[in-house]
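**Q** Residue numbers (numbering that gives the first Met the number 0), protein chains in the order written: chain E, 0 to 372; chain V, 0 to 372.
FYI, nobody ran anything at the bench for these hints, they're computed from the structure.
Note that this is a predicted model, so its numbers are computed, not measured.
Any given hint could turn out to be false.
[Claimed, not checked] Pairs of lysine-lysine residues, derived as DSBU-like cross-links and limited to a Cα-Cα distance of at most 30 Å, are as follows:
1) E:K205 with V:K180
2) E:K256 with E:K241
3) V:K372 with E:K190
4) V:K59 with E:K307
So you can see what is in the structure, the chains are spelled out below.
Number of protein chains: 2
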Amino acid sequence: MDNRIEFIYLSEPDTIKLGIMDAPGWVDVCEEVFTLLAKGDYLMGGSNHNSHGMGIIFPKESPFPNMPVAGPDRRFFAMPAYLGGRFDVCGNKWYGSNAANTKRGLPRSILTVLINDKETGAPLCHMSANLLSATRTGAIPGVAVRHLARKDSKAVAVVGCGPINKSCFRHLITQAPQVEKVFCYDLFIEKAQALAEWIKKEYGIKAEAASELPDALKDADIVTVAASRIKPLHIESSWLKKGVLLMLTGPAKGDDKLWTESKIVYDNIKLHEAYVEEAYASGDVAGYYAGVIGGPLYTLIDQGKLAKLEDSTDIGNVILGKKPGRTNDEENIVFVACGMAVFDVACGFELYQRALKQGVGQKLLLWNEPYLK
Amino acid sequence: MDNRIEFIYLSEPDTIKLGIMDAPGWVDVCEEVFTLLAKGDYLMGGSNHNSHGMGIIFPKESPFPNMPVAGPDRRFFAMPAYLGGRFDVCGNKWYGSNAANTKRGLPRSILTVLINDKETGAPLCHMSANLLSATRTGAIPGVAVRHLARKDSKAVAVVGCGPINKSCFRHLITQAPQVEKVFCYDLFIEKAQALAEWIKKEYGIKAEAASELPDALKDADIVTVAASRIKPLHIESSWLKKGVLLMLTGPAKGDDKLWTESKIVYDNIKLHEAYVEEAYASGDVAGYYAGVIGGPLYTLIDQGKLAKLEDSTDIGNVILGKKPGRTNDEENIVFVACGMAVFDVACGFELYQRALKQGVGQKLLLWNEPYLK
């Protein structure tokens with residue numbers, strides 16, 4: 000029997016060659032993943048099959064001088080998943096994150112994805128996954144805009160102007176080509192200005208930086224939020240235009256009405272149920288809620304002010320036509336999206352398939368014949 | 000600034016070239032890890048810093064025909080860790096396991112380890128880790144024999160004759176060169192015979208297969224247990240020789256006396272505390288205990304029949320001379336060792352250092368300059 004195992008390695012330039020930065024297609028891939036999530040054809044980590052993943056959590060202080068301590072965005076995380084449908088593979092995203100990286104000229108996180116055969120566990124494709132991760136995160140609001148935005152949306156607000164929200168914009172604009180105006184807001188006005196300039200140049204759309212958040216929001220039909228976790232973002236419901244689609248890729252707080260007078264559409268209800276379960280298991284529910292995007296929603300659900308998760312709408316069932324999405328142009332919709340390993344597996348598998356077809360990447364030998372059986 | 004990132008890839012043959020199968024040295028590496036565990040200079044996954052890792056757990060049945068379902072030894076697992084001391088790196092072991100692999104001529108598990116810079120998260124070395132994993136698992140009983148076995152140990156029993164216990168034997172025998180006789184026991188006598196033949200040939204030590212477990216145990220001063228989880232192994236205390244060192248790398252059950260009349264030495268008390276914590280959080284304590292090596296001990300501790308974990312002995316403190324190990328030749332000692340990601344990180348780092356020095360492995364480009372910052 001031939002037991003030789005080889006797998007493919009893709010550098011970041013390889014993933015670019017394979018189209019990771021070509022926006023439209025990834026919205027389709029992510030839409031497909033949402034339908035698999037709604038059907039239940041996936042497994043993420045843990046006994047509830049829906050854990051976000053497992054991190055190395057650095058302590059606030061340590062008696063060991065070399066041990067990393069807690070800092071902004073500082074963590075390591077492993078995110079394993081199986082995804083069904085045409086993907087039908089397992090994989091793991093593994094990354095280290097540290098806000099201090101940006102001072103070194105490096106991205107905040109450095110990520111790789113490994114895709115594995117579901118039967119044998121053999122590696123199929125290992126890849127640099129910074130672009131993959133930004134793309135899958137950005138394509139998800141693209142899916143939301145396709146299904147939940149007003150068809151006549153004319154203005155977009157980009158709240159938080161880092162690489163993640165830039166990716167969100169790149170994807171959502173493919174779904175709303177009629178948009179005429181973009182408002183950019185960031186804690187640092189220069190970042191908002193830079194993104195506005197880039198949008199004008201790249202897309203020929205009017206774009207401007209807003210120095211106050213309400214100014215960025217007041218005319219926006221589509222709002223994409225992916226701001227740094229360093230300073231909490233607060234959004235008042237009165238700042239929003241009627242009929243808005245507010246998409247949270249990063250955390251935001253707001254008055255109760257922001258949530259209770261909107262239709263909430265979740266990325267995956269079971270994931271949020273798992274978050275709530277983990278919050279209660281942690282013994283510090285409020286503390287746990289404070290650290291996750293859905294926290295403000297879970298708090299209102301616990302208080303009976305918002306529909307229970309099991310009675311709520313997920314985008315997968317909207318795509319499948321099993322639950323209503325937007326029913327009129329006046330309703331505000333909040334779309335909540337957390338990172339999920341299944342999207343990394345989907346996009347990683349897609350790149351792997353393209354690499355096979357196009358002969359891109361480096362073949363690596365695991366073994367010619369396993370030394371131990 | 001030069002932001003080019005490269006890392007090293009090591010195939011299984013590369014890891015052999017770098018000495019992964021050269022037994023004596025890895026016992027020293029693992030001994031070093033135990034002292035770091037005792038000092039607390041490490042972080043594994045989760046908020047308790049001591050989780051074994053996070054798995055994809057396959058369901059017993061699935062409505063999706065392609066979805067993997069539960070089977071013998073079938074799982075995927077991510078095991079992240081930071082390890083201090085001279086290692087001072089992060090890393091993750093990621094593997095898929097499936098007993099059916101052996102029918103395909105493949106090892107039961109296929110494993111890789113990725114070692115990362117603790118500050119930036121950048122990958123340093125990705126490697127085939129089947130041999131690494133077998134070596135770190137085998138070297139741990141080597142450390143136990145060094146510190147806990149009778150100095151005049153003459154006979155060894157190998158209970159379970161698969162690749163893991165073969166690795167255990169390869170390492171422990173370096174610490175007990177005076178051994179004159181080895182008894183091999185396995186559910187399948189042919190496997191026991193094959194291991195006995197190999198030991199005779201490789202080490203020139205008398206070795207024989209025992210068809211009954213008590214026969215294998217009755218004269219053994221050192222017992223290494225790493226049997227398949229498929230059929231539970233039962234050991235009666237009366238079958239053991241006085242003064243034995245019984246080392247559990249895999250699960251075993253026994254009468255209460257097996258545990259209560261032995262001195263228990265743990266690999267890492269905090270890990271076992273985390274297992275107990277996770278068992279209680281799972282809502283099915285007995286079910287959880289049944290699946291882990293320490294289960295029979297935790298049950299007796301809960302019943303008040305065995306010393307609490309916090310009052311127990313760990314091998315790291317024995318090595319450091321802070322807790323007594325063996326105090327006389329009559330006491331029975333049970334050493335309990337579970338897999339820990341810190342050992343993978345330690346051995347992975349050691350291979351990475353050797354690869355740098357010896358120029359072994361393949362350099363892989365992550366990026367010349369990160370496309371997104």
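**Q** Quick check: which numbered hints come out false for this structure?
**A** Result: hint 1 breaks, nothing else.
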